[in-house]
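Using the sequences and the hints, build the whole thing.
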Amino acid sequence: MNSLRVFVSSAVFSFRAQFDWLNPSMWLTMKFVLSFSQMAFFVFVGLFSGGGADVVSFIAIGNALQALSWNTVFSVIQITGHDKWDGTLPLVLATPASRLPLFVGRAMIHVLDGLVSVAISFFFAAFVFGVNFAQANALALAVTVLLTAFTMAGFGLLIGGFSFHFRNPIVFANIFTFILLIFCGVNFPVEALPPLAQPVSYAFPLTYGINAARQAIKGASLLEISPVLVEQLAVGIVSIILGYVLFEAFERTARKTGKMEAL
Amino acid sequence: MLHWMADPQWVIPSIIAPFVFTTVALTLFKGSSAPFGLYAVLGGGMMGMWGNTIYSSGFAIEFEKWQGTLEEVIAAPSKLIHVITGRSISNALFGLTNMVAVFIVGTLVFNISLGIANPILFTISLLLTLLSVSALGLIFASAFVLSRSAQTLTNGLETPLYIISGSMFPIALLPFWIHPAAYILGPTWGIDAIRLTTSQDYASQTFWQGMGTNTALFLDLTVMILITLAYAVIATALFKMVEKRARTKGTLVEA
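Top to bottom, those sequences are chains A and B.
Note that our numbering numbers the first sequence so that position 48 is 48, with each residue one more than the last.
Note that our numbering numbers the second sequence so that position 75 is 75, with each residue one more than the last.
To be clear, the hints were calculated from the coordinates, so they are not data collected in a lab.
Treat the numbers as computed from the prediction; the structure is a model and nothing was measured.
We put the CB at the ideal spot given by N, CA and C, even for glycine.
Please note that the accuracy of each hint is not assured.
Straight line, CA to CA, 25 Å or less: simulated SDA-like cross-link-like pairs of lysine to any residue [stated by the list, open to error]:
#  : chain 1 : residue 1 : chain 2 : residue 2
1  : A       : K31       : B       : L174
2  : B       : K65       : B       : V83
3  : B       : K30       : A       : D54
4  : B       : K65       : B       : G156
5  : B       : K65       : A       : L28
6  : B       : K30       : A       : R214
7  : B       : K65       : A       : R167
8  : A       : K259      : B       : Q67
9  : B       : K30       : A       : I179
10 : B       : K30       : A       : L196
11 : A       : K31       : B       : G156
12 : B       : K30       : A       : V131
Chain A is nowhere near these chain B residues, computed Cβ spacing over 10 Å in every case [unchecked claim]:
#  : residue
13 : A75
14 : S113
15 : Q209
16 : A237
17 : K240
18 : M241
Reference excerpt, derived from the structure (chain A facing chain B, CB under 10 Å, subset only) [said to hold, decoys possible]:
#  : residue
19 : M26
20 : W27
21 : V33
22 : L34
23 : F36
24 : S37
25 : Q38
26 : F42
27 : V45
28 : L47
29 : S49
30 : V55
31 : L181
32 : I182
33 : N187
34 : L193
Okay, structure coming up:
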């Protein structure tokens with residue numbers, strides 16, 4: 001029960017903490033602006049490259065799913081950065097609270113935030129860029145989006161755990177949010193990447209999520225896309241475990257050397 | 001620039017985004033008949049300039065607020081606009097590294113061969129565009145003094161300018177009601193001039209089709225210079241207004 005309390009309070013405070021520097025109306029405005037502008041940019045590049053409605057649809061769906069990375073990857077990695085910047089890291093490490101719910105809980109509210117981003121992006125995809133959702137299997141799509149948000153938060157925790165060992169997590173937050181645009185089949189199929197780079201794509205849960213979402217929008221059932229979702233879940237869970245191991249390693253080093261923000 | 005050298009983390013993100021956007025564009029253009037070298041590589045450079053300028057404008061103010069040094073900067077005998085102008089130009093200059101990085105990737109990975117038809121006019125066009133981007137950044141920087149959300153606004157302003165200025169595709173693709181917004185942006189004319197000085201073939205795609213390369217270039221640069229001057233006048237007036245308001249109300253850091 002105590003672990004659950006730590007989990008919930010970590011989640012809530014992690015979300016509220018960002019309003020220290022961001023007011024709620026700006027938060028909502030940026031959700032619309034960022035989702036729309038990124039999608040629009042790549043749609044126009046796709047059109048200029050000679051693509052038709054199928055390319056527009058491919059790009060719009062990819063970017064709609066990728067929109068949740070700003071919350072589940074960038075914001076989750078930035079939890080580490082804010083702890084270091086705001087001087088709250090010693091308090092986090094000094095608390096007797098169980099580490100796993102503390103570590104995972106802080107990322108989980110961003111899953112909900114990411115779901116809002118995807119909903120807004122799907123709205124733009126449908127009503128501005130004409131993506132056809134008429135055949136979509138709503139249940140399969142909903143499960144895919146939820147699982148993608150959850151597993152990408154796991155990926156965010158992995159990089160966040162890694163970032164504890166460096167002074168500037170914001171650099172990693174940017175790198176690992178943006179490279180998803182190249183590796184995850186957001187704007188072009190993974191097969192368009194050089195053969196050596198393609199295996200890297202499958203280290204990101206987003207690759208599976210986008211693939212499953214495209215199938216669900218074409219009408220595939222939950223059962224039909226379940227093999228992809230199982231793979232995605234496995235990658236997400238491994239990410240959380242690795243992230244937690246990195247976090248614990250950082251804590252041990254910090255206690256041993258007395259360095260926290262300095263790392 | 002020295003600030004960047006001391007702590008490069010604030011500049012790196014603005015390089016990463018344009019670089020990734022350009023790499024994605026190069027991949028999408030692969031196999032198409034579009035002149036992707038012209039658009040992706042040169043557009044990538046323009047995006048780097050803008051990304052770095054808007055980021056530095058936003059962070060230059062926010063960072064001073066965080067560090068508690070904005071009061072000293074304002075209190076110094078130097079005018080705030082001069083301080084921010086220096087930062088803006090040096091960061092736009094640094095943003096050009098994105099063009100070099102994209103050119104290397106384009107050459108090695110995507111086999112792009114991009115020659116420069118007129119190196120002197122290319123350099124002049126590039127420098128004037130850099131000044132125009134910096135001047136536009138100044139207008140936003142003045143607003144950032146009054147806002148607690150400069151960092152967030154920075155993120156929100158980056159991609160819309162990539163789109164409206166047609167950095168990576170012709171603005172003819174955009175809905176017609178966006179065109180007026182494109183025409184009042186200096187970088188829109190700057191990127192047209194840069195493309196003209198890079199390739200003779202681009203003369204058929206410029207805003208000034210049928211006027212000849214030199215005339216088109218002259219018109220592009222003239223329009224851009226006039227817009228840049230207008231930006232400078234607006235930015236100077238805004239900085240005066242913002243500084244006066246901050247001093248009168250005493251809300252410099254709280255804002």
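Against the structure, the hints:
1. For the proposed pair A:K31 and B:L174, the alpha carbon gap of about 22 Å is at most 25 Å, so the pair holds.
2. For the proposed pair B:K65 and B:V83, the alpha carbon gap of about 15 Å is at most 25 Å, so the pair holds.
3. Straight-line distance between C-alpha atoms of B:K30 and A:D54 comes to about 17 Å, which keeps the hinted pair within the 25 Å bound.
4. For the proposed pair B:K65 and B:G156, the alpha carbon gap of about 20 Å is at most 25 Å, so the pair holds.
5. Of the pairs offered as hints, the one joining B:K65 and A:L28 holds, with about 24 Å between alpha carbons and a cut-off of 25 Å not exceeded.
6. Straight-line distance between C-alpha atoms of B:K30 and A:R214 comes to about 23 Å, which keeps the hinted pair within the 25 Å bound.
7. Between the alpha carbons of B:K65 and A:R167 the distance comes to roughly 20 Å, so the proposed pair stays at or under 25 Å and holds.
8. Of the pairs offered as hints, the one joining A:K259 and B:Q67 holds, with about 22 Å between alpha carbons and a cut-off of 25 Å not exceeded.
9. Restraint check for B:K30 and A:I179: satisfied, since their Cα atoms lie roughly 19 Å apart, inside the 25 Å limit.
10. About 18 Å separates the Cα atoms of B:K30 and A:L196, which keeps this hinted pair within 25 Å; it holds.
11. For the suggested pair A:K31 and B:G156, the alpha carbons sit about 9 Å apart, so the restraint of at most 25 Å is met.
12. For the hint pairing B:K30 with A:V131, the CA-to-CA distance comes to about 24 Å; that is within 25 Å, so the pair holds.
13. Residue placement check: B:A75 keeps its beta carbon more than 10 Å from all beta carbons of chain A (closest about 25 Å).
14. The non-interface label for B:S113 is consistent with chain A: the shortest C-beta to C-beta separation is roughly 19 Å, beyond 10 Å.
15. Annotated as non-interface, B:Q209 keeps its C-beta farther than 10 Å from every C-beta of chain A; the closest such distance is 18 Å.
16. At roughly 25 Å from the closest C-beta of chain A, the C-beta of B:A237 stays outside 10 Å, upholding its exclusion from the interface.
17. The non-interface label for B:K240 is consistent with chain A: the shortest C-beta to C-beta separation is roughly 26 Å, beyond 10 Å.
18. For B:M241, the non-interface assignment is confirmed: its Cβ lies about 22 Å from the closest Cβ of chain A, beyond the 10 Å cut-off.
19. For A:M26, the interface hint holds, the least distance from its beta-carbon to any beta-carbon of chain B being 5 Å, beneath 10 Å.
20. A cut of 10 Å between beta carbons decides the hint on A:W27: the least distance to chain B is about 8 Å, and the hint holds.
21. At its closest, the beta carbon of A:V33 sits 4 Å from a beta carbon of chain B; the interface hint therefore holds under the 10 Å criterion.
22. Here the hint on A:L34 is kept, as its CB sits about 6 Å from the closest CB of chain B, short of 10 Å.
23. Look at A:F36: its Cβ gets to within about 9 Å of chain B, closer than 10 Å, so that hint holds up.
24. Using the Cβ-Cβ criterion of 10 Å, the hint placing A:S37 at the interface with chain B is satisfied: the shortest such distance is roughly 4 Å.
25. Using the Cβ-Cβ criterion of 10 Å, the hint placing A:Q38 at the interface with chain B is satisfied: the shortest such distance is roughly 6 Å.
26. Below 10 Å, beta-carbon pairs count as interface contacts, and A:F42 has one with chain B at about 7 Å; its hint therefore holds.
27. A cut of 10 Å between beta carbons decides the hint on A:V45: the least distance to chain B is about 5 Å, and the hint holds.
28. Because the beta carbon of A:L47 sits about 6 Å from the nearest beta carbon in chain B, less than 10 Å, this interface hint is met.
29. Contact between A:S49 and chain B, as hinted, is supported at the beta carbon level, the nearest pair being about 4 Å apart and thus within 10 Å.
30. Hint status for A:V55 relative to chain B: holds, with the closest Cβ pair at about 8 Å, below 10 Å.
31. About 5 Å separates the beta-carbon of A:L181 from the nearest beta-carbon of chain B, less than 10 Å, and the hint is met.
32. The beta carbon of A:I182 comes within 6 Å of a beta carbon in chain B, closer than 10 Å, and the hint placing it at the interface holds.
33. Hint on A:N187 holds. Least Cβ distance to chain B is approximately 5 Å, under the 10 Å limit.
34. Against a cut-off of 10 Å between C-beta atoms, the interface hint on A:L193 holds, since the closest Cβ of chain B lies about 8 Å away.
No hint from the list above goes unmet by this structure.
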